[in-house]
Amino acid sequence: MNGSGSTDNGHATADDGRFTPRLARRRRIGQIFEAACLASIAFSLVMLVTLLADVAVDAAAWLSADFLTSFPSRIPGRAGIKPAILGTVWIMILVAALSFPLGVGAAIYLEEYAPRGRLTKLIQTNIANLAGVPSIVYGILGLAIFVRFFGLGRSLLAGAATLALLVLPVVIIAAQEAIRAVPSSLREAAYGVGATRWQVIRHHVLPVAMPGILTGMILSLSRAIGETAPVIMIGALAFVAFTPTSPMDLFTVLPIQIFNWTARPQAEFHGLAAAAIVVLLVLLLMMNATAILLRNRYQSKRGQ
Amino acid sequence: MSELTESSPELRWRAGRRVGERVIAGLLFLCGLVSVLTTVGIVVVLLTESAGFFREVPLVDFLTGTQWSPLYTDQQFGILPLLNGTLLIAVGAMLIALPVGLTSAIYLSEYASPRVRGVVKPLLEILAGIPTVVYGYFALLFITPLLRAVFPSAGVYNAASGAIVVGIMIIPMVASLSEDALSAVPRALREAAYGLGATKFEVSTRVAVPAALSGIVASFILAISRAVGETMAVTLAAGATPRMTLSFLESVQTMTAYIVQVSLGETPHGSLEYKTIFAVGLVLFLITLVMNVISNRITTRFREVYE
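Sequences listed follow chains A and B, in order. In terms of my numbering, the first sequence is residues 3 to 306. In terms of my numbering, the second sequence is residues 6 to 312.
Among the hints, erroneous ones may be present.
[As the list claims (entries may be wrong)] With a straight-line cut-off of 20 Å between C-alpha atoms, the simulated EDC-like cross-links for lysine to aspartate or glutamate are:
no., chain 1, residue 1, chain 2, residue 2
1, B, 205, B, 185
2, A, 84, A, 270
3, B, 205, A, 36
4, B, 126, B, 185
5, A, 123, A, 113
6, B, 126, A, 270
Simulated from the structure, these hints should not be mistaken for lab results.
All chains, full assembly: derive it from the sequences and hints.
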């Protein structure tokens, strides 16, 4: 490495006098670069910690049991997020009920039934592109189709249907990956004893793919309950003084409540927003932890 | 299975099974079709609703006008100020997300030990999973006061604050997609360079990055598209002032923030002001669609090279 090139090659001889490896300098540049890369990673992590700490400090004075069980109020000291929590839970259940069958169905079709052809390719490309459509555009779609055309109004169902379409590409892609990971020997063995295509899928492919599908589903739901823009578009309210009891009821969700309180000038409402953020983040953390546990269990089982 | 002994129920059973299979296949196909219908729905809604708008406002005025004030008595429908705001935020966000995201990706793919990667990647996923409204809170109530302390001329609502949080928000996306691209570069390429006496820095920046360039570019384009479509953080932090400006310290309005402003207000359904959200939505949809298609194309080609 320290030599200035070999002499058994014409080119090297020509460069012989000019080539100086300057290894110390190059290594130093390398070290500086590595430090810069590490600083980039540190920047993201510092931002994450700062954000969480900022929210936690702002929220500390406002988090209480009353906050979780009260209705919103114009008086900050009495305000709570009961309707927002219930709305978020309703949305979660409805979105799951709508997007799970549609998403898994589409994934089964694409992986197990679809002929390799233009239509299949079109559907696949379409799903990839839908995943990149801004969430507010789904809001516009939901407003025009579910709220107005189907006449669902500003109901939980309209919101859930909009969010279900929003997360559908993610559900489909995750389910497809899980189904694709099922070894084909399993299918062939089932076909070999005379099972029909659906029997193979129902009894052999789906049970094996289910943990992967559920992981994707939970992650999609955590995205759905964090979305604000589409829910604003379809007209969720910020002040809901009742608890929703049916899918046709008006509603609010945590992100809307957070947005509304953040946009107000008074510092008290900012504290309430921070407290609601803590509740939302804890909910998301629990969902993600479930997804990770499922994934780990699935991986260790496959390893056996 | 006792029917198997008699021929006719056995046949009926088989026929039933076959019909059932067809019904199921049909239902599954319909599920697959929902995604296509969603796209059709988006395009039809945006086109039909904005058709009504363009009957009253000429397309040329819409695309070249430098004033946007549909909610005032002096109505002006030039989208350029909204595009200006959107691009200003997107450019600012990319100034943060591209260098930080790419160097993070290089660190994770080329330098980090598996243990460090195992810790850092989930943390980046958490950063990516934080709802955008939370970033809006952070921008308005943490970044903005900080900015105003440094630049006293900055407004309560300013483009810089929105751009910074959108940048932070898309770092994980750039980092993770670029890292995927870097990891897909065959080891043999790196080893050949090491064999020629290259240092780790040279291998990373002159072999791995150029070899993964298409994937990295695809991740950049996807990130820009995401920044253009980002809504809540910019609505909260950047304000609601459509303006032709290149200053990061002034309040601007993005296309997304305008759509939110209208839907929060009391604009009557069917009015011209109301129809503006579909026209603006159409422009937003087309911009992001074009970028996503380009990004997907690049990724597909890139895959073909190494598989």
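**Request:** Would you pick out the hints that fail for this structure and give their numbers low to high?
**Result:** Number 6 only.
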